[in-house]
Structure formats: structure tokens, C-alpha cells
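Number of protein chains: 2
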Amino acid sequence: MPSMWRLYQFPLCPFSRKIRLLMGEKQIAYDMVREDPWAASDMFYNLNPAGRTPVLVDAEREIVLSDSRAISEYFEETVDKAPMINGTVANRAEIRRLVALFDENFYADVTAPLLSERMKKRIVLRQPPDSRALREAMKMAHGHLDYMDYLIDNRPWLAGSQMSLADLAAAAQISVADYLGGIDWKGHEQTRGWYSVFKSRPSFRPLLTERMEVIQPPAHYAQIDI
Amino acid sequence: MPSMWRLYQFPLCPFSRKIRLLMGEKQIAYDMVREDPWAASDMFYNLNPAGRTPVLVDAEREIVLSDSRAISEYFEETVDKAPMINGTVANRAEIRRLVALFDENFYADVTAPLLSERMKKRIVLRQPPDSRALREAMKMAHGHLDYMDYLIDNRPWLAGSQMSLADLAAAAQISVADYLGGIDWKGHEQTRGWYSVFKSRPSFRPLLTERMEVIQPPAHYAQIDI
Ligand SMILES: N[C@@H](CCC(=O)N[C@@H](CS)C(=O)NCC(=O)O)C(=O)O
Ligand SMILES: N[C@@H](CCC(=O)N[C@@H](CS)C(=O)NCC(=O)O)C(=O)O
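Protein chains in written order, with my numbering: chain B, 1 to 226; chain W, 1 to 226.
Calculated directly from the structure, the hints in this document are not laboratory data. There could be a bad hint or two in this list.
Identical copies look the same in the list; a pair holds intra-copy or inter-copy alike.
Calculated cross-link-like contacts (lysine-lysine; reagent style BS3-like; alpha-carbon spacing at most 30 Å) [unchecked claim]:
1) 139 with 121
2) 139 with 199
3) 120 with 199
4) 120 with 186
In isolation and in its complexed conformation, chain B is listed as follows (with noise of 0.2 Å):
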């Protein structure tokens, strides 16, 4: 039997989706299995000490990779196929930020804030989710995208002239904030046609057909033309 990476991820963990993205960019072939991070096991635990998806293993050769970071500088250390962090050191340097950027501060402005508050009170808590932290996460989700818009006028994609890690990341937490009914593409044309194009990857479709029980994204979501 082939040695095979084994994913723990959770389907609106952001960093697992990149990791997903990227893998599906790179063609490299993991089953997976889910890890719900307010209900993280002691074996879970054992293999990740932070208690965080993702974490990548392969049982065979004994590896366990934990960070979304440390995993993607992996595989661009260890597989050629479709680089993602690439480029001169300059390009590298700001490929590098702006997944800070969105890995950061989208997910503190945007996507965390929409996590707590449209799945965790559902699933976990049961309360209603808080409207004006709504309002306020989907105010911060029209900054990141106007800045986006900006990057989008003045380059192809997000880190320069190829696609990066940067548009996985970005296409990431958007994907989950998309779901979550946190965007708002109006007045985002920019930023809409890139997200558009990535919608239509083989590296996307599983991602976008997938559901997550009790709550359901809006018509939108998986639409590839919209």
C-alpha cells in the first residue's frame, strides 16, 4: 500500500481549506478526517500540542505536520508541481505577507467573528448569533475587499503576476465567510471576477459542493458565474 497523508481538518476551518486548495493545486492525494476544534480529542491533542486543525500525517513515514504555514512551506520544499511561493525574494516576501494578512487579520476581522457567531452559538452554544457583531464583521469584510479590489487593478493575482499561496489563503477565508452569508459583492467587481475564476478549479469544486449539517450557505455560494 502506498504511503498516503491523512488530513484532520473541519469543513469551515479556514487553514484546512487552504491546505486542501493547495493540495488540489499540487495534486497530491489525502483522505480525510474531520476534527471539530471545540471538541478536540486527547489523541488530537497528541498530534498537534496547539489543538488546532490542520494537521497532516503520514502513519507510514511517521510525519505529522501541524500549522497551515509550516505545511504549505513543506510542500513547496518537497513537491515541484505548481509552485506557490514563488518567485525573486522580493515576490516571496510579499507573497509570505499577504497570507499574514488574510490568515490574520481577515480571519480576526471577518471570518472568526462570523465562525462564533453563526456556528458556534448554533451548533454549540444555541443562541441567536449577535446582530451588530454581524454588522460589524461584515463592515471589516468590505475593507479587506476594497483592498483586494486595489491589489486586483494593479496585478493579475493577489501577490503579482502568478497565482500564490497569497490567493489560496485569500480564497480560503472568503470561501467561509461566503458561506457564512458574510459577503457582500456589491461594489467588489474586482475582487468578484478573481474569486470567480478560482470558483471554477478543480481544486475548488470539492470544497464548494460540500455542506455542513444545520447550516446552509446562501444561493450564491457555489455559483461559479456570480
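With chain B fixed as given, assemble chain W with the ligands onto it according to the hints.
For chain W with the ligands alone, coordinates are given in the frame of chain B:
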């Protein structure tokens, strides 16, 4: 005039400290501009749309770098001296996993609440600290130090046989938490020993002798033998 790096930083910002330690170890020359994160100027947002320290600029060569991990990878790729993300691909993944653990989990659990209670409330909000939040941060610090004790029991440095960016990231967080009186060293002999070796390095001395206005560190803060 030779081209020169300028670091926009804040004295108690652990990410700025990580870059200062890294540039010290690699013997890269730079000067510093202080930027208070709670009062970032428009000029600073132009340099870094995330509005966060550290930012590193080489005006002559028109290079602007943000995000401490992107900056670290940049120096790893451009400066041979004192490699800090070194070894096999597995070693490198382990270094990056631990950097993320200290940058994200240690920071969120320990350093950020201490900065908020002991610095921001004092300097910006002019409120007394919340003693429950302080106790909780110190309790979380014990958990992180336990994990570091365990790592150092098994390896000379946090990520393996060589000093790496993981050690710099951890020392940067701990030094800020220690400055703010949040580290109780009792029961953490391994980590205390590791940290004491670290404190005696030339790269660390400038950090230890610096003082913030108003806030003073505990007596042991800059002492090397405890
Ligand atoms: N730096 C990590 C962040 C991963 C992360 O925050 N995962 C979330 C789910 S989206 C999680 O597991 N949170 C649970 C927790 O922090 O306890 C990465 O890039 O992989
Ligand atoms: N990912 C960034 C994090 C930097 C960061 O959080 N810096 C803090 C100061 S320690 C900051 O500028 N906070 C202000 C803000 O987030 O608005 C890095 O590694 O450089």
C-alpha cells in the same frame, strides 16, 4: 552611503523583538524607529496595510517587508550567516510549527493579555489592570512553560539539536511576558536554564537593557544567572 535597514518597531512588541534577535544573530545592521501600535500614523499604514509592527524598510533599494515570519524567511533566503530555519524538511517544518505556536498561542494566551492589562490600560486607557485576567495569563504561561520543559528535556534547543527561529520566537515572547511580571519561574528549571543561556547572547543584551517609560520590569528581568 551604504544601504541600511530601518526597523519600525515597538519595544514591548514580541514580533519586533524576534526580528531584533534574528538580525542580531545574523549581524545585520539596522536602525530603529519607534511606532506605538495604538497610535499608528497614516504613513505607517502606507508601509503596512495591516498597521502592525514590525516593518522593515530599505529606502535605497525600495524594499518594504512586513510580518515577522515573512521577514524571517526573507533573511533565511538572503543571508547565509547563522541559519535559523535549517536542517531536513522535517526539521524545518518542526521549527515553523513551533514559531507559530509561540507567535499565535503563547501570544494570545499570555503576552497579549499581559500587554493589555499592564501596558495598554496603564498608558492608553488609564485604568487599573483586571487581576482575574492577569491570573489567567500567568496560569496559561505555566502550561506553555511545561511544554517547553518537556521539549528541552528531549532536545538541546526547542526544535532540535541547533538553535533556530523557534528559540528566538519563544525568547521574544517570554522576554516581554517576563518584563511585565507574568512569568513565575518556579518549577521550570529546564526552561529557566535555556533562557539564562539565551540572555547572555550579544543579540539579547540590547533588549534586556532597554526600559519602557512608566513600566519597570521585575528585578530578575535582566539578570543572566537567574
Ligand atoms: N496557525 C494555525 C491556525 C489554525 C486555527 O486557528 N484553527 C482553528 C479552526 S479554523 C482551530 O482549530 N481552533 C481551535 C483552537 O484554537 O482551540 C494554522 O495556520 O494552521
Ligand atoms: N503577524 C504579525 C503580528 C504583528 C503584531 O501583532 N504586532 C502588534 C504589536 S506586538 C501590533 O502591531 N498590533 C496592532 C494591531 O494589530 O492593530 C507579525 O508576526 O509580525
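_Broken hints, by number_ = Violated hints: none at all, because every hint is consistent with the structure.
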